[in-house]
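Based on these hints, arrange chain G on the given structure of chain A.
Chains A and G supply the protein sequences, listed in that same order.
FYI, in the numbering used here the residues of the first sequence are 1 to 485.
FYI, in the numbering used here the residues of the second sequence are 1001 to 1168.
By construction, these hints were calculated from the structure, which means they are not laboratory data.
Only a predicted model underlies this, so the values are computations on that prediction, with no experimental measurement involved.
The C-beta atom is built at its ideal place from N, Cα and C for all residues, glycine as well.
Hints are not guaranteed to be accurate.
Claimed, not checked - Ranges between beta-carbon positions, derived for each pair:
#: 1; chain 1: A; residue 1: G436; chain 2: G; residue 2: G1158; range: 55 to 61 Å
#: 2; chain 1: A; residue 1: A433; chain 2: G; residue 2: E1125; range: 26 to 32 Å
#: 3; chain 1: A; residue 1: A313; chain 2: G; residue 2: E1088; range: 30 to 36 Å
As the list claims (entries may be wrong) - Sample of chain G residues with no beta-carbon within 10 Å of chain A, all distances over it, derived:
#: 4; residue: P1010
#: 5; residue: A1017
#: 6; residue: T1022
#: 7; residue: P1058
#: 8; residue: T1060
#: 9; residue: E1064
#: 10; residue: G1094
#: 11; residue: E1104
#: 12; residue: A1153
#: 13; residue: L1155
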Amino acid sequence: MSSVWKGPLERIDEFRWRIPKAYKQGMRADAVVITDSEGLEVARDSEALEQLANSACLPGISGPALAMPDIHSGYGFPIGGVGAMRLEDGVITPGGIGFDINCGVRLVRTNLELGDATPKIKSWIDRLYRDVPSGLGTRGPVQLSANEVRQVLEHGAQWAVRSGYGNQADLECTEDGGRMEAADSAAVSTRAMERGMPQLGTMGSGNHFVEIQVVEEVIAPDVAKVFELHQNQVVIMVHTGSRGLGHQVCTDYLVTMNAALAKYGITVPDRQLACAPFESSEGQRYFVAMACAANFAWANRQCITHWVRQATAREFGSTPESLGMTLLYDVCHNIAKVEQHSVDGRLRKLCVHRKGATRAFPPGHPDVPAAYRGVGQPVIVPGDMGRNSYVLVGTQKAMEVSFGSTCHGAGRLMSRNEALKAQRPSEVRQSLAEAGVYARSASKSALAEEAPEAYKDVNDIVDITHKAGISMKVVRLRPLGVVKG
Amino acid sequence: MADVKTIIEPFDEAGDAAFRVTASSLPEVFTGCGLALSNLILPWAELGGEWEHRLGMPATRRIELAAPDLESLLVDFANEIIFLFDCEAFVPCGFEFRELGRTEPAEGAGAACLDAEVAGIVLTENALLLAADQCGILGLVPKAASYHMIEVAELADGKWTARLVLDA
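Chain G on its own, in the form it takes in the complex:
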């Protein structure tokens, strides 16, 4: 599991799942959002050590995105994580960003882009069957990330903050 010096604060909004993440850099904020979402789907913080080895096979995925702004980029990033779980039962554990930030408009269609290597596990069928009998190790699988209250901003002290609301 990545060692993130990041503040993740869940908050109540519209009956669904929402959190604010504050960290010292933009990649750390995106990492915090990715891990908060991953922990929502599979509450690994409650599973104890070595959970990755017990429940799945290690895997990596690459996420490449371009968007009109940083807020849209965060929504797309979260939606990509939900997509990877829905289609492949892939749960992220760590993120390494090769590229993340605003780009010059001349560089392409998007004004913000992201290129990340994502380490995680693919949950095995057995882990999921066992989970079902025990009333579930899975938490909440959101439908999508929304633009509702979306925020990505650099603070006066140089830290970064993001706010993300997920439709559950």
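The following block holds chain A by itself, in its conformation from the complex:
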């Protein structure tokens, strides 16, 4: 069902390509893809570029609609899409954020070396599989009352730390301190809370995972030193989001936004781009509900970090503190935030939508934790479970060309259906084992659906971001074992 792009693409420089505003009626700005010529060919063979052009039709868009190098087809915005909207006359759209609000990734350091992990990898992964619940069809380990779920929605990871799931240092190394203050749980439906209450502290299915990795190569030693990363160090990556609560918030507000289109006289080229003016009652209500879902996601990753620490400590007969299990950083992939950016030489507040894109703020930015402010924000980029992942660092160039944004992962090449046809889960498990990666999965088909071949090579994607200057390589990671949802 793929469509091949036949519209114009003008080369701006080696890594930027423009779809001019004149491409189709309704575009209010240009659209710009950050990629190389090979990446562009992949993007051409999908709906992603049309979706990018569609996102440039939204009222109040400031500067171009952008796509990061891992661009691929989504719903509404393409995955890898970034759209910055003016507050005074711009809109907010769930289609620019996605169903899994604040899906994101964090990296936990350890003081374990490769030699410590290798002999234990199977039992360690088995333990993580048992102790980090997938939450599929069953209740998670954190039982919340209705009042407590409101606390989670309004306080995010801060609630989790107050409840014993982590420490203050974790919050300092989480975007926004793990809490969007705008959150108002009154804007979240009872249905969303019903879905979320049993799912806190669970991973979910799809592409979510807990992965044990090793630092395979240090590329920028000075920055790696500040990030406290070194060669052969074992680290743990956690990838999950806001679970059913966030999905329900998105579902609920798509209905609200579709109804709001006529009220505000807005026309959009795709129903998934239904939106409302940011400052309207509908827009503000969605923004504060989305903030609640973002907070839920941060609390979720914080609780999972706690289970990971406990499981690892038991595996090594030690404590998380003795094992040096500190958080490097936690980044969001699917979110809208009010940020200050320079537009035509003037600082303006914008509602920056990132859908499958990561914030990548530069050295000196006040939103970068004090410990990293001298070098820039850590950017954690997961790859597939057979190849690499990366830690990058944010740059000034990203502030100038991509509203402080960069890629979020490898980007899919195959649909789940194609991936399932290509290999059986047992074949994927076997080929991963041959590559030195021990994998377990809570769902029947996840290993096949998430096979390395289903994704672009993250090494290529990260090369582009590095050469384009929107984030720079710090270390390359290699997987040792993975628990898939």
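This is chain G only, laid out in the frame that chain A set:
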């Protein structure tokens, strides 16, 4: 399991799960979509006979919806099935529609509505624990149904068709 004379064709879209369903009536199309989604969550077609009795307790649920159009109604219907699984581990096996179709605008807020009795099972904790140890009987639990490429239409030959894309 319901005997559905329906064509269900999965297709590749946006890296997620998608299918087209064609049948002789609108209720059969909605039933086909419901069963395709249910089979995605729990691939019962691979489980063999009597799976309902082995894995869960029989149960029924009622779904009542109103929406601005048939496409929105299908999205809402699919989202209701996902919600029932997420909250109650309820997996549908059959649908009986008391009401399904377009309504006169004067009748209420929605221009399309649905009232269905859904037969299914609630998966037991034991079935899920066993499933986890064996790397899962569960398939893919979608996040939500999307409006992407959504279509519900009556064909020239009187059959009905629907296209549904799920964000996984």
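Right, here's what the structure says about each hint:
1. G436(A) with G1158(G): 55 to 61 Å: 58 Å, holds
2. A433(A) with E1125(G): 26 to 32 Å: 31 Å Cβ-Cβ, so the 26 to 32 Å window holds.
3. A313(A) with E1088(G): 30 to 36 Å: Check passed, 35 Å falls within 30 to 36 Å.
4. P1010: 5 Å, violated
5. A1017: 6 Å, violated
6. T1022: Holds: least Cβ distance 16 Å, greater than 10 Å.
7. P1058: 17 Å, holds
8. T1060: 18 Å, holds
9. E1064: 14 Å, holds
10. G1094: G1094(G) is indeed farther than 10 Å from all Cβ atoms of chain A, at 20 Å.
11. E1104: Given that every Cβ of chain A is farther than 10 Å from that of E1104(G), nearest at about 19 Å, it holds.
12. A1153: The claim holds: A1153(G) sits with its nearest Cβ about 16 Å from chain A, beyond 10 Å.
13. L1155: At about 18 Å from chain A, L1155(G) clears the 10 Å cut-off, so the statement holds.
In this structure, the hints that do not hold are numbers 4, 5, in rising order.
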